[in-house]
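Each chain is listed here by its residues.
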Amino acid sequence: MAVEMASHSQVLVEEKSGVRILTLNRPKQLNALSFQMISRLLQLCLAYEEDPSVKLVILKGLGRAFCAGGDVAAVVRDIKQGNWRLGANYFSDEYILNYVMATYSKPQVSILNGIVMGGGAGVSVHGRFRIATENTVFAMPETALGLFPDIGASYFLSRLPGFFGEYVGLTGARLDGAEMLACGLATHFVPSKRLTALEADLCRVGSSDPTFASTILDAYTQKPRLKQQSAYRRLDVIDKCFSRRTVEEIISALEREATQEADGWISATILSLKKASPASLKISLRSIREGRLQGVGQCLIREYRMVCHVIKGEISKDFVEGCRAILVDKDKNPKWEPRRLEDMKDSMVEKYFTRVEEEGEWEDLKLPARKNLPAIAISKL
Amino acid sequence: MRKLLDGHNLVDRDWIYGLMTQSNLFNRKERGGKIFVSPDYNQTMEQQREITMKRIWYLLENGVFKGWLTESGPEAELRKLALLEVCGIYDHSVSIKVGVHFFLWGNAVKFFGTKRHHEKWLKNTEDYVVKGCFAMTELGHGSNVRGIETVTTYDPTSEEFVISTPCESAQKYWIGGAANHATHTIVFSQLHINGTNQGVHAFIAQIRDQDGNVCPNIRIADCGHKIGLNGVDNGRIWFDNLRIPRENLLNAVADVSSDGKYVSAIKDPDQRFGAFMAPLTSGRVTIASSAIYSAKVGLATAIRYSLSRRAFSVTANGPEVLLLDYPSHQRRLLPLLAKTYAMSFAANELKMIYVKRTPETNKAIHVVSSGFKSVLTWHNMRTLQECREAVGGQGIKTENLVGQLKGEFDVQTTFEGDNNVLMQQVSKALFAEYVSCKKRNKPFKGLGLEHMNSSRPVLPTQLTSSTLRCSQFQTNVFCLRERDLLEQFTSEVAQLQGRGESREISFLQSHQLAEDLGKAFTEKAILQTILDAEAKLPAGSVKDVLGLVRSMYTLISLEEDPSLLRYGYLSRENVGDVRREVSKLCGELRPHALALVTSFGIPDSFLSPIAFNWVEANAWSSV
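In order, the protein sequence lines correspond to chains A and B.
Under the working numbering, think of the first position of the first sequence as 291, with each following residue one higher.
Under the working numbering, think of the first position of the second sequence as 718, with each following residue one higher.
Hints were generated in silico from the structure; no laboratory data involved.
Beta carbons: idealized from backbone N, C-alpha and C, even for Gly.
Fair warning: there could be bad hints in the mix.
As the list claims (entries may be wrong) - Label pairs and their computed distance ranges (CB to CB):
{"id": "1", "chain 1": "A", "residue 1": "T644", "chain 2": "B", "residue 2": "Y1043", "range": "37 to 43 Å"}
{"id": "2", "chain 1": "A", "residue 1": "T644", "chain 2": "B", "residue 2": "M1069", "range": "19 to 25 Å"}
{"id": "3", "chain 1": "A", "residue 1": "E647", "chain 2": "B", "residue 2": "Y1043", "range": "56 to 62 Å"}
{"id": "4", "chain 1": "A", "residue 1": "Q326", "chain 2": "B", "residue 2": "M1069", "range": "50 to 56 Å"}
{"id": "5", "chain 1": "A", "residue 1": "R464", "chain 2": "B", "residue 2": "E1106", "range": "51 to 57 Å"}
{"id": "6", "chain 1": "B", "residue 1": "W1337", "chain 2": "A", "residue 2": "G496", "range": "22 to 28 Å"}
{"id": "7", "chain 1": "A", "residue 1": "P317", "chain 2": "B", "residue 2": "K1260", "range": "52 to 58 Å"}
{"id": "8", "chain 1": "B", "residue 1": "E792", "chain 2": "A", "residue 2": "R630", "range": "22 to 28 Å"}
Claimed, not checked - Result set (DSS-like, lysine-lysine): computed pairs, CA atoms no more than 30 Å apart in a straight line:
{"id": "9", "chain 1": "A", "residue 1": "K641", "chain 2": "B", "residue 2": "K746"}
{"id": "10", "chain 1": "A", "residue 1": "K661", "chain 2": "B", "residue 2": "K746"}
{"id": "11", "chain 1": "B", "residue 1": "K1253", "chain 2": "A", "residue 2": "K635"}
{"id": "12", "chain 1": "B", "residue 1": "K746", "chain 2": "A", "residue 2": "K670"}
Please work from the sequences and hints to get the whole structure.
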């Protein structure tokens, strides 16, 4: 058992026979993914794939969070300095990491013992096994920030049951461990006090055949009851409303439901939609709908185009404004532009999905060629 | 390329694809780690009919049909057509049920009816308060609408029309929706006023009450189990002196006053009938388009399968060869792929001219839609058969779709006009145009005949590869063929008439030339649409590939047509050159095959499981 710990390393690495345990190590920032962390994770994942002595990779976070997201504050700083391309590079590296994880030929077990949001979902949900605990808090909060659920979320959200994916992606709703398990975002649920034992058992796998890890996880997993007011108990309303063709129709459908019954959950849902960036809502809806019909690689390529348009800020500057209001000044009062859904025209939405016209320099996201893919990865492509 | 092929309303299509994949009503299943949605054709006829209706209610609840009758204009119409196409990609039965209700019943009310009909029926149709069907076809008369035997008279004392079925051959047959669900129908009938038969007219009749009981003086029987399309409840209807109010005559073209006088703005009965039937073109447009989407499903499946399935080695200890690496397998599938591409552009062009139609363009639309409907539906049947064979035993499995689609789409070749009859209409229209222009000594204008005003094209005797792929050469051959066949046809008919035969008999005897001509006209019209699409593209890889596809379309059409040798447009050597060029093109299209079928834009979940990981789909763990 060799334990490597570079004191400045943001990703800690432990080797325990055939298993590599990677720990995200930026607890003060809730393990938000920096550019260096992304590069390091990518480097490690690719190396482990080639290394026959590695059978399994475990990913977890130090402190009370797994990973609260990407380092969007840094991207906003780059944009403000007129350097949107640096921001674009951040996202392209991140999406390539997401793609490698989604098409990984060895099992990845992510232990989501805390906050997992945005970019945190990107480095875990695409992996084969996701372990939720009683401490898990999941969300894709991007529409409140003037962004959209990226990191391949258009792939996995769209594949949740019914139209739950639209609900999660548009409202930024928080899900606990039980809800993640119920909807399929998590594959197993293990109480946090058993995690140490679980890790020890996982370190004994001698093969990269996922059935070994699966058998171990199945022995630890539980099926916790959904809380009484869980959104996942309201799938009938969610499917009825979030299947509508446009954001406006989704909101009217919810408002119609609200008149039938005075319900705190429906009002809260409507409120989060009304507070989100109109531009974000519309591009997110379309992204999820398109992603439903595409493989994970195509989703990431499309999302990369979208995020470049977002950070260029030519159609809307909501991303900068959202980060200001929520992360920097924290007044929680963003001034969106366009302010109303009707002012976000289809032609404006369409622009986010086109290639970026730059003085000859911009290119679509280039995904690495993948070989030796397991059947489960082939089906994602 | 997907944008080019689907043409319009991509976001709307994706929405419906999503509605279907996310609901439990569309028979979701997992195969090989992927989700698929396709109807369970193993259900009984009754089960299939019920689930089809449930699927339509689900789409209705989601607002899919909003504005289908109450909105007008090209944009609204294109959106309807796109949504209908997606329904058809999922299941032909769904699109037929929806099509009968909205495009046959609904459009009849809209275009044959007047304000009072619109106000009473259109919104209720959109909301499915009434369920409509379309009683035109009879046991004894299908393509020949003018010969139907249902009779309607007028009773001035009660101001009612009386509809009756005078003999068994007059029973309405194949009426989609009539057997189980429909509450109302359009009835087509001969209208006898004061002893004079004023010809075929359309009426509204209620056939069921809101509780589903058949109304008095109406008998309904089931058409029974079919070789496909069992999600549609086709019925047979007899009218036993059924009385309907005078207002139920759809009176846009003609009317009957309360005291029983027949009035019409169009005096000539033939013209009246033509004006009357014009709205039915929408059927041919939607059929042509859905035939091509069905062919796309078949080809996407067969080509993807052939890119992962191996059979036989060609070297001693070598690996088995991928199916699509065999020249013979390429030759079976790639020309069909190119034809499907060309016809896809043709179907889109037809939709565009249809939604922008004016009274002046109606005649041309009638001719072109007749040609396209016939050629595209025949092509679909041929393509599905080839695709079924190309995937071998897997094509026999119902769940793998390719074989099942044959039965589901077969009817397209004979409904809304038998293909052979429609093609005759094409040649008759060209004949009439030719004779009229020659008589008045006017240049040809319309129906794509303008090339006849210039001198006869001369084809080079040496056909090199670059000549064969040159669009000017390709256009010239198609124009020459059309011109020569038109001249031969009119000349032969004239000869027969000169010997004392009537024009109609002369047409019948010249039917072989008529068939050749109809095909030549249609193939040229199709070529023009793919050329137009190619021309609009900026230089680049998409344009280059489309150029290869276009050449393949042209050359395979020439290779398969005996007319070229029979009438000497090409020499024996030339025909050999064409054949060799087709083989060359097969090799050049091979690397693009996957991209070409992916560009169809049909989501993976709507294809067959064998298009993907067919080994995993059949693994023991999934049994």
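Okay, the hints, checked on the actual structure:
1. Look at T644/A against Y1043/B: about 40 Å separates their beta carbons, and that is inside 37 to 43 Å.
2. Between T644/A and M1069/B the beta carbons are some 23 Å apart, a value that agrees with the proposed interval 19 to 25 Å.
3. Checking the proposed 56 to 62 Å range against E647/A and Y1043/B shows it is violated: the Cβ atoms sit about 43 Å from each other.
4. A hinted range of 50 to 56 Å holds for the C-beta pair Q326/A and M1069/B, which are about 54 Å apart.
5. Our hint of 51 to 57 Å for R464/A and E1106/B holds, since their Cβ atoms are close to 54 Å apart.
6. Distance hint for W1337/B and G496/A: a CB-CB separation of about 24 Å, consistent with the stated range 22 to 28 Å.
7. P317/A and K1260/B have their C-beta atoms about 55 Å apart, which keeps the hinted 52 to 58 Å range intact.
8. With their beta carbons about 23 Å apart, E792/B and R630/A fall inside the hinted range of 22 to 28 Å.
9. As the CA atoms of K641/A and K746/B are separated by approximately 35 Å, the hinted pair breaks the 30 Å bound.
10. Between K661/A and K746/B, the direct Cα distance comes to roughly 27 Å. Compliance with the 30 Å bound is thereby established for this hinted pair.
11. Distance check on the hinted pair: K1253/B and K635/A sit about 27 Å apart at the alpha-carbon level, within 30 Å; holds.
12. Only pairs whose Cα atoms come within 30 Å are accepted, and K746/B paired with K670/A is accepted, the gap being roughly 16 Å.
Hint check: violations occur at hints 3, 9; the rest are consistent with the structure.
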